[in-house]
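2 protein chains.
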Amino acid sequence: MQNTHLVILAGGVGSRLWPLSNNEHPKQFLDVLGCGKTLIQLTFERFKGIVLPENVWVATSQEYRDKVHEQLPEVPEANIIVEPCRRNTAPCICYVSWKIKKRNPRANVVVAPSDHIIVDVKAFKEAIKDCLEFAAETDAIVTLGIKPTHPETGYGYIKADLSFSSSRKRNIFRVDAFREKPNMETALEYVKQNNFLWNSGIFIWSVSTIVNAFRVYHPEISRTFEDIFSYYDDPEEQAMINERFPLCESISVDYAIMEKAEEIFVYPANFGWSDLGSWDSLRKHSNPDKYGNVAIGNDVNFYETHNTIVHTSMLNKVVVQGLDGYIVVEKDGNLLICKLSEEERIRLFH
Amino acid sequence: MQNTHLVILAGGVGSRLWPLSNNEHPKQFLDVLGCGKTLIQLTFERFKGIVLPENVWVATSQEYRDKVHEQLPEVPEANIIVEPCRRNTAPCICYVSWKIKKRNPRANVVVAPSDHIIVDVKAFKEAIKDCLEFAAETDAIVTLGIKPTHPETGYGYIKADLSFSSSRKRNIFRVDAFREKPNMETALEYVKQNNFLWNSGIFIWSVSTIVNAFRVYHPEISRTFEDIFSYYDDPEEQAMINERFPLCESISVDYAIMEKAEEIFVYPANFGWSDLGSWDSLRKHSNPDKYGNVAIGNDVNFYETHNTIVHTSMLNKVVVQGLDGYIVVEKDGNLLICKLSEEERIRLFH
Chain A
834 MQNTHLVILA
844 GGVGSRLWPL
854 SNNEHPKQFL
864 DVLGCGKTLI
874 QLTFERFKGI
884 VLPENVWVAT
894 SQEYRDKVHE
904 QLPEVPEANI
914 IVEPCRRNTA
924 PCICYVSWKI
934 KKRNPRANVV
944 VAPSDHIIVD
954 VKAFKEAIKD
964 CLEFAAETDA
974 IVTLGIKPTH
984 PETGYGYIKA
994 DLSFSSSRKR
1004 NIFRVDAFRE
1014 KPNMETALEY
1024 VKQNNFLWNS
1034 GIFIWSVSTI
1044 VNAFRVYHPE
1054 ISRTFEDIFS
1064 YYDDPEEQAM
1074 INERFPLCES
1084 ISVDYAIMEK
1094 AEEIFVYPAN
1104 FGWSDLGSWD
1114 SLRKHSNPDK
1124 YGNVAIGNDV
1134 NFYETHNTIV
1144 HTSMLNKVVV
1154 QGLDGYIVVE
1164 KDGNLLICKL
1174 SEEERIRLFH
Chain B
834 MQNTHLVILA
844 GGVGSRLWPL
854 SNNEHPKQFL
864 DVLGCGKTLI
874 QLTFERFKGI
884 VLPENVWVAT
894 SQEYRDKVHE
904 QLPEVPEANI
914 IVEPCRRNTA
924 PCICYVSWKI
934 KKRNPRANVV
944 VAPSDHIIVD
954 VKAFKEAIKD
964 CLEFAAETDA
974 IVTLGIKPTH
984 PETGYGYIKA
994 DLSFSSSRKR
1004 NIFRVDAFRE
1014 KPNMETALEY
1024 VKQNNFLWNS
1034 GIFIWSVSTI
1044 VNAFRVYHPE
1054 ISRTFEDIFS
1064 YYDDPEEQAM
1074 INERFPLCES
1084 ISVDYAIMEK
1094 AEEIFVYPAN
1104 FGWSDLGSWD
1114 SLRKHSNPDK
1124 YGNVAIGNDV
1134 NFYETHNTIV
1144 HTSMLNKVVV
1154 QGLDGYIVVE
1164 KDGNLLICKL
1174 SEEERIRLFH
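Heads up: the sequence lines are chains A and B, in that order.
Read in order, the letters of the first sequence are residues 834 to 1183 in the numbering used here.
Read in order, the letters of the second sequence are residues 834 to 1183 in the numbering used here.
If we strip away everything but chain A, and leave its shape as in the complex, we get:
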């Protein structure tokens, strides 16, 4: 446990779940599930017993730094990484990897988004522990793949080679290829086969493995952060980062490393996962009643209503009559009523 580190990626801005989330309040900092905890708090808690609080790192922007500190007071302030600008995941992961390496060159690292939900936390913990053991013993880059429940076109897919499981862990398989978000026809094809998994964006590796991978597959980004190694945990660090970080290519770790590296493995998981990228995904993962309705908020009353999600923050009493397949969201005095089938257009509404 001393050697295990967690990197929570918390720089995302949210516009899909408007008016619940917005640039000022991205969804990771909101109590999306109405459980009294924000998504980033749930992410942090999910790793209790696996990672010590002093080994938790959070990467975010200046704008959300105080929110992170407020919502995760157990995380040392020095572990909150401030990205001076948005450059996708690769530069940020490279930077924090070098910082972790400086603290503990023998560290094993989990990288996890801050705004996803996981239903079966026990199964999740087992998966993470298995992957950590595997990554510690090998030079492998491991990713969690989610067994698809439907032909989702909003996720990237991982093609696993199910004939090739690791000799050390029988439930970890070699990755054949990464596939970008498919169209519906392709997604249906993927789901028919049983070796396609959703790319969860959760990675597990040893710090030496990822640092070496950056050296090999993206030497520019690697040099940017290796060159200033001596400044880490130094008063001049942020100034150096503010100067160098913006010069990095904006690229995801998937493109920069995963799709190029050779020793990539996947753990097919089945713990109930969603990136909450849509209102309908939130509805499906929030225990809908027998009519498919979900109510998050005070005193929500349904009459002749089906497949509808109501999410309110400020309202006292809500009565919904005669809706089928709708989103009703109120946040900070903004109200959206929209068909679930049209939710892709929400960003155009605000």
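Calculated from the structure, these hints are not laboratory results.
Mixed in with the good hints, there may be bad ones.
If several chains are the same, the list does not tell them apart, and a pair holds so long as it fits within one copy or across any two.
For lysine to aspartate or glutamate, the following DMTMM-like pairs were computed, each having C-alpha atoms within a straight-line distance of at most 20 Å [said to hold, decoys possible]:
| id | residue 1 | residue 2 |
| --- | --- | --- |
| 1 | K1150 | D1165 |
| 2 | K1164 | D1113 |
| 3 | K980 | D1113 |
| 4 | K1150 | E857 |
No experiment lies behind these values; they were computed from the predicted model shown.
Given the structure of chain A, go ahead and fit chain B onto it with the hints provided.
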């Protein structure tokens, strides 16, 4: 004008327009139209130039007395009649008629509900003036009848004898009969004929006519208020009323007087009227856009929406997508979304 008095009936409790109106805030005290004025203020203003403020009387309950004074500061406090309990309109109208008679035995009186809307105020004023002149010159009881625009089953009807117009006013006719709220079949029949009018609940008479009518047609109620004539405008008045008023039969002036009296006349009016007894009546009378939508509130945005009324008080921004024929109302943090076709059931929802 010195002899003209106005009685505004403002004791109603509202449950049909929930959550906009409720027992604490009946609709007469609310800015239902989003115009910056409450319905009772609009009622009062409609009579400017016809009635002097000191000749305006408002009948209400103890609970709403302060609201009346606050919203109509020009009305003398002594003219606010407090009914100790609800006894429908006849006892209240008899009481205030005796009080008016004490002030001015030559008064001519208009009785009007406080929670209706009138679209063409100029036409309304002309109608009222005509009726007042007629009532002053005769012993007639006059009522305003509204030319029906559709077969409404929520209103009572007046059957006019259009062959018998008054010799003094050619647009005032003798009433043949009053009819209670009809079923749809009967309403369709009424509308086909052109001598059926909606009963607006607006009455015009001289104070001596109505006082005599009570003596003849409901002597019990008449005696209740005539017997304590000497107490009116006296410190003991309210105590006397609190004792006697509750003993009155609970009966409408329509039943107690109109349906029995002989000299009843009606003025067929066409100034755009509604008792705002339903959300759909409010929608129809609030200038719907070309899709039939009405927005009352801040920053309301419609997408693919038709025949829908949005009425908000506390919300900042509202986006409504994909609704047809709905009510969306927010008031004091309560939200109702309901099909217009189901609005009869609103009282069951709260």
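- Message: So, against the hints stated earlier in the document, which numbers end up violated here?
- Response: none
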